[in-house]
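Based on the provided sequences and hints, a complete structural model is requested.
Take a look at the letters that make up each chain.
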Amino acid sequence: MTELSIEKLHNLLINGEISSEALIKEAIAKSYEVQKKCNAFVTIIENAKAVEVTDNLLSGIPYGIKDNYSTKGILSTGSSNTLKNYIPIFDATAVEQLKKAGAVAVNKTALDEFGMGGTGTTAHTGIIKNPWDLSRTCAGSSSGSAAAVAAGVYPYALGSDTGDSIRKPAAFCGIVGYKPTYGMISRYGLFPFASSLDTCGVLTRNVKDAAIVVDAMKKQDEKDLTSWASKDMHLYESINGEVKGKKLFYIKEIVDESNYPNISEELKKHLQIFKESLKKLEAQGVIIEEVSIDKELLKTIPSVYVCISCAEATSNMSNLTGIAFGPRGNGENIYEIMKNHRTVGFSPLIKRRFVIGSYILQKENQERYFVNAQRVRRLIVDRMKELFKKYDALILPVSKGVAPKLDELNDEINDESTVLLEEHLQIGNFGGFPSITIPNGMINKMPVGINITGNCFDDINVLNIAYALESQMNYKDMTAGDYRE
Amino acid sequence: MNKYKAVIGLEMHCEMKSKTKVFSNALNNYSEIPNVNVSPIDMAFPGILPRINKECVKKALMASIILNCKQPEYLEFDRKNYYYPDLPKGYQITQMHSPIGVSGKITIDCNGYEKEVLIHDIHLEEDAASLDHYDDATLIDYNRCGVPLLELVTEPCFSNADEAIAFLETIKRIYQYCDISEADTRKGQIRCDVNVSIMDENSTTLGTKVEMKNVNSFSNIYDCINYEIKRQSELKASGRYDEVIQETRRYDEESGTTIRMREKVEAIDYKYFIEPNIPKYKINKDWLEKIKLAIPMLPKERKEKYINEYKLSEYDANIIIKEKDYADYFEETVQIGADAKSAANWLIVNIIGYLSKNDETLKDFYLKPQMLQEIISAQNSGQISSKQAKEIFIKCLEEKKHPKEFMNKENAQISDKDKISEIITVILENNPEQITAYKNGKTNLFDYFVGQVMKETKGKANPVITKEILKNKLDN
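If you read the protein sequences in the order shown, they are chains A and B. Numbering follows the numbering used here, with no gaps: position 13 of the first sequence is 13. Numbering follows the numbering used here, with no gaps: position 221 of the second sequence is 1221.
Hints were generated in silico from the structure; no laboratory data involved. Treat the hints with caution; some may be incorrect.
Claimed, not checked - Straight-line distance between alpha carbons at most 30 Å, and here's what the computed DSS-like set of lysine-lysine pairs gives:
| no. | chain 1 | residue 1 | chain 2 | residue 2 |
| --- | --- | --- | --- | --- |
| 1 | A | Lys363 | B | Lys1282 |
| 2 | B | Lys1058 | A | Lys219 |
| 3 | A | Lys351 | B | Lys1080 |
| 4 | B | Lys1280 | A | Lys231 |
| 5 | A | Lys231 | B | Lys1282 |
| 6 | A | Lys231 | B | Lys1054 |
Structure, rendered in structure tokens:
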């Protein structure tokens, strides 16, 4: 049953055709199965209790929480050895909101350590595998959440997105990944990676479910000064599929085949699938135009991202010293103790990012790297906002194809020619834009995704366009192994 | 050693008064019990975010206005990054790029002359936790962690310790008068970094700057500056000025000397960058106007008022404005009708003395301005003698009773001329020998007769009237 949508489960619960207990039991049982296959969880909450089913669509329904959300009384590790024994004394605001709605958390999902990674290979509990093909990555960092939702453990799991950490795993796992406008969901209790980019969000199997969950999570929170009032914004109720006359654009420098002289068959197919999706929207009266953006500007995206995210991360994670919480390090004096905690606790990837971040923040380098990165970020965001005056949203294919094989990841990272296809989702974080990925096709029995990104506060528009497209395709409520053409 | 002049600059950190901490909702209360005023934010648990205490921002802006600083268009904060166990986040939220006030100045009184002090900047930040070191362990008390701090940085513009202390006293008083801080050095609420350099009397080139960190009482600051000037001057005089290096030292109270901590070349890079969790906040003109209007009358203005309007001496005025409590008490007493000079006298001579002897503050002082006013007017109208007034003052405090209780008819001074005259007549009749002696030139017997009247009236006879009548009767 847990592979059904929230709407359907709610109706079954309300009509008494299933019980919350049964659903939770099923979700926990499936968690153990998926854990064996995909290694998707840090904690399975065995004693998760059923709650009373109310009018709230989420009441009584199980869900998963990415392990970088603070959960009161439940181990919260950020998938890092530095917090391998950390049990928080408070709930993240988003978790608290879902509790209020009657949602029942059944597991904490594994991630790339503190969200800093896109492969699902750096969690302290080991590599997270894609349920569609266990030899492949889920992408990251919300790898465990994506794997679990795709495997049908429950209808949704929480994610967080700093560069593409919800939206790329969603694409690789054939599900929906929604990152709302920055500040719509309070970040209080989300372990920070890069504060100016971090966004809470959700992974689901259809667009309406994403709207339902974010409706419950969002609120202006006095504990997060960057959160804003959205109580008059009703995402779920506003989805009507009306998209006639909407104007979308895609970026020529990313989508046009001519950008890829040695194009692979897979990418060719991926771009073809993308164009078919555009046609489906056009058939509903959507106007889609090609826009050209200075390639030099686009090419800065990954380095701007690295500069800003690493710099903020270095500072954000300075609280991890093993003094007040986390395993205590060994050493003769306090500095040795802190150093040992961090040396033993962090994976090499994170350490590399700290070194970069620290270098960027050094007095003599700040202007050249950090401040310039912020200037270029502003340029990119300004260009996008200018386009959003004319267009309702940006539409682009996600990645250059399907989830790569785990043992080929190193080659993937070094592929210069397709870097823009891999990194363009970071634009959404630069501007705090609402952005959603939905599955839009299959290549060799693996799913691929398409992304829609709109202007700040324009979440309803973005959801509506995604919903309209989803309705014209055959990938709604898809679970791993459920091959559809 | 007078051939050198000193150049001194100050960084004054002062803990602010507020209901809650500056970036969390834990109480900002001094507590002897460790770790009672702590929130998850102060502990820097993963996922916490700062809030911002508007009361602190308002008070910091008030200080910025009083110091004639320029206020920024937007309120912004920065992170100062470094590792130390008293700093749980691994960074301090402070203001580097856009402090709450820059380029200010203030005129202070220093031993009778006026001095203009230039303010580099004033900024709002958070305090760190406090560490208690033991032989085998160090304990962390998070009570102080996140307590609002106002850091005031002067230009190097003082030429001696007296000026520096006069400045600190002035600022301390302003903070107290405006309720910005209790500014209590005994609670460690004020800590200063002091930098000192010396140069030839006629030179305009600054010498090598030496910084002393965390000096915590005004008398220590005073001694520290003087020691450092002496140390540097001696080295310079003996041709060893190259031994004065740019460095950070600390003041050692026990030996009264300064001791090297680290050289400036080893200075830490704090990697300041903007705090991304606190969005830029526009400081609008209306708000600034409102804050300006809320600034209470400051000590300097009050002093002028006491001298010009109440005709107090500068000396007395200076004593009264020293503490806001004194000034408030004084003004209230005058406002409800007491003679200003009498009120000043009572405060300076009796009350302040009493408070320091009994280690009390005016806040818990029993005798309220209303009561003092009653004593003063009773005395000034002749209803009681000055001796009685003092006795009543003491009795009120001892027995915690209203002065009226001691000003009943029995205790009242006898000012009735007829009654006193009657008593004097009886005394004179009983002392014929003394009268003769007096009339024969033994005039000091006058005091004997006064004494007899006082004995008869148990000291209640109005001495002025007694003397007047006695003189009349004896001389005629």
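Results for each hint:
1. A:Lys363 <-> B:Lys1282: 27 Å, holds
2. B:Lys1058 <-> A:Lys219: Within the cut-off at roughly 27 Å; holds.
3. A:Lys351 <-> B:Lys1080: Cα-Cα ~21 Å, so holds.
4. B:Lys1280 <-> A:Lys231: 23 Å, holds
5. A:Lys231 <-> B:Lys1282: Since the Cα atoms of A:Lys231 and B:Lys1282 sit roughly 24 Å apart, the hinted pair holds (cutoff 30 Å).
6. A:Lys231 <-> B:Lys1054: Holds, because 24 Å separates the two Cα atoms, which is no more than 30 Å.
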